[in-house]
Amino acid sequence: ELKVEQNPLFLSMQEGKNYTIYCNYSTTSDRLYWYRQDPGKSLESLFVLLSNGAVKQEGRLMASLDTKARLSTLHITAAVHDLSATYFCAVPPLYNTDKLIFGTGTRLQVFP
Amino acid sequence: SAVISQKPSRDICQRGTSLTIQCQVDSQVTMMFWYRQQPGQSLTLIATANQGSEATYESGFVIDKFPISRPNLTFSTLTVSNMSPEDSSIYLCSVVEQNYGYTFGSGTRLTVV
Numbered sequence: 007e008l009k010v011e012q013n014p015l016f017l018s019m020q021e022g023k024n025y026t027i028y029c030n031y032s033t034t035s036d037r038l039y040w041y042r043q044d045p046g047k048s049l050e051s052l053f054v055l056l057s058n059g060a061v062k063q064e065g066r067l068m069a070s071l072d073t074k075a076r077l078s079t080l081h082i083t084a085a086v087h088d089l090s091a092t093y094f095c096a097v098p099p100l101y102n103t104d105k106l107i108f109g110t111g112t113r114l115q116v117f118p
Numbered sequence: 006s007a008v009i010s011q012k013p014s015r016d017i018c019q020r021g022t023s024l025t026i027q028c029q030v031d032s033q034v035t036m037m038f039w040y041r042q043q044p045g046q047s048l049t050l051i052a053t054a055n056q057g058s059e060a061t062y063e064s065g066f067v068i069d070k071f072p073i074s075r076p077n078l079t080f081s082t083l084t085v086s087n088m089s090p091e092d093s094s095i096y097l098c099s100v101v102e103q104n105y106g107y108t109f110g111s112g113t114r115l116t117v118v
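Residue numbers (my numbering), protein chains in the order written: chain Z, 7 to 118; chain E, 6 to 118.
Simulated from the structure, these hints should not be mistaken for laboratory data.
Mixed in with the good hints, there may be bad ones.
Claimed, not checked - Only pairs whose alpha carbons sit at most 27 Å apart, straight line, appear in this in silico DSSO-like list of lysine-lysine:
#1 Z:K47 x E:K70
#2 Z:K47 x Z:K23
#3 Z:K9 x E:K12
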């Protein structure tokens, strides 16, 4: 059974600092998704990583995927308050590539 | 990408009653998914709903508790039956499109008292 874990679960960081969120998954998969969720809101798609070595960047966020290590990272550069949210990675299992298994989530709080 | 309308957006229900959540998509999609997000937790897949067939439930979820209908390619409902306070969660529907990936509805925040 595919399990997806993120760390840290909670991250409090100062504006202007850099940090990385890690997403590990337990069985082979060919894709990985990152989502953002603001309190009381639905999920906003951030990145879709489709192959080993894929790297995507949008603003202060950069995501990468290493399928051999079953690891994805979400790197935050020079954090700003607007990035405060919960971030989820999600992976489709190879035995059923239509559904998503979500990670535990990382709640990010950026303070001045 | 598809636009999903989900309703109700929130409800407070008495224990023992049932609530039906509706999900309407502005385009035809083969698969729709229903997720539960318990307070402060991640999303857990309840079931996958295909038009014209029985929904496929994940481990820990049963049809008697979470009956799903999928009458056509743009609409689905999830019913939370015989509710207890443990059912208090956010329920989200989702669709997948080949060129856009997964899109999520705005969610239904359910409180059972």
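Verification of the hints:
1. Taking the CA atoms of Z:K47 and E:K70, the gap is about 25 Å. The hint holds against a cut of 27 Å.
2. Taking the CA atoms of Z:K47 and Z:K23, the gap is near 26 Å; set against the 27 Å cutoff, the hint holds.
3. The hinted pair formed by Z:K9 and E:K12 fails the criterion: a straight-line CA distance of about 30 Å is larger than 27 Å.
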